[in-house]
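Novice: Sequence:
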Amino acid sequence: MKTEPAGRLKIIIRSQYFLYFGVMGIFLPYFNLYLHHINFSSFQIGALSALRSVLLVLFPVFWSLVADRFQAKKGIYVFCNMASSIIWIFYLYTTDFWCIAFITLAYGIFYSPIISFLEAFTMDILGDEKKQYGQIRVWGSIAFISVVILSGRLIDVYPIEIILFLVLAGGIVQSLISIPMPSFPLKKNLSLSSEITYLFNRKTLVFLTSAFLMLVSHGAYYGFFSIHLERIGFEKTFIGFAWALASISEIIVMINSARIFKRFSLENILFFSFMMAATRWFLLSFATSAHAILGIQMLHSFTYGAFHMASILYIDGMSSDSSRTLGQAVNNAVSYGMGLMAGFFLSGYLYETIGSGPLFMTSGCIALVSGMILKLNR
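1034 is the number of the first residue of the sequence shown in our numbering; add one for each residue after it.
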């Protein structure tokens, strides 16, 4: 698997990142905006976002335990891609809050583990070349940039409901291309208790606590950044460009990931990312000009790009071969699951009560605390 097959496998994994984050380039900036346009309240939007996060907590861990136990990682990955695409179709037929909540629940059961499995596949494929992770992951950022700009332009011209069809199309294509994903049989299965004991040591728990708070601080951004920009007078094309610029900034970090991780420790990269997140949210709390907002978006290279790569490598280093999928699932569950769930609920409440400026100021304080926890427990 080190010569020609390795090259083919890298092409497959790049295509999966490209499609996954291409769909994210439609969903993340515009789905909550779509809900806003069909007259959902900020609390309802926050609640639906939090529901997705609850599912990110529960089902990646569940599916990863099943996959690691029965060595069925590929089969579950393909099944979850296909099932989630089929369920998405139901969004086309309702604008009722409770119906959409039920669809979101069903969709998230199968969609939520996809990224954890994808990260685990990547670690398997890279083997001893894990520090090149960013050069694989960058294809997701390229897709996100391209799609978010195109989608912003499309919904300036067409009704915002077009995003539902675009997400569906992307999900179907990803489902089909997931079929040639490789299988990686394990040499040995540990018991569940052994896997948990191996994974959860003090160092990992401190990291997971900091990662949780880091993603709590991102709740305002992922839940209400697009709505915030529209409220202060920006059009959807600009909103799409602002999201895309953030992803453009992370590409530079990802391309140079091997060099960065060779020079700096994972702990130092994580701490620096937390401090940049605090700075980003503090600045965004009072920025109103286009140039200032776009400049602030460049900090995404650290608050997401460097943080995400360091997190993937950090948790991989804490995992055994037989608990690798579980490790990535727990990382995603605690950060992008529990962290964003708490962040979405908090943001939904604060946006209604104090507005977006103080909301982002609160996010900055939370990011600052997350960095202090990591720093003081090293």
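Just so you know, the hints here were simulated from the structure itself, not pulled from any lab data.
Backbone N, C-alpha and C define an ideal beta-carbon position, used for all residues, glycine too.
Careful, some of the hints might be misleading.
Below 27 angstroms or equal to it, Euclidean Cα-Cα: the simulated DSS-like pairs (lysine-lysine) are [what the hints assert, rightly or not]:
#	residue 1	residue 2
1	Lys1408	Lys1295
2	Lys1043	Lys1295
3	Lys1408	Lys1107
4	Lys1107	Lys1295
5	Lys1043	Lys1163
6	Lys1163	Lys1295
7	Lys1107	Lys1043
8	Lys1236	Lys1164
9	Lys1164	Lys1408
10	Lys1236	Lys1043
11	Lys1107	Lys1163
12	Lys1163	Lys1236
13	Lys1236	Lys1295
14	Lys1236	Lys1408
15	Lys1107	Lys1164
Beta-carbon label-pair distances, calculated as ranges [stated by the list, open to error]:
#	residue 1	residue 2	range
16	Ile1265	Arg1186	17 to 27 angstroms
17	Ile1285	Lys1408	24 to 34 angstroms
18	Ser1322	Ser1179	19 to 29 angstroms
19	Glu1194	Ile1265	23 to 33 angstroms
20	Thr1321	Phe1103	45 to 55 angstroms
21	Ala1325	Arg1041	29 to 39 angstroms
22	Gln1104	Ile1210	40 to 50 angstroms
Novice: Which numbered hints are broken by the structure, listed smallest first?
Specialist: Violated: hints 3, 4, 10, 21 and 22.
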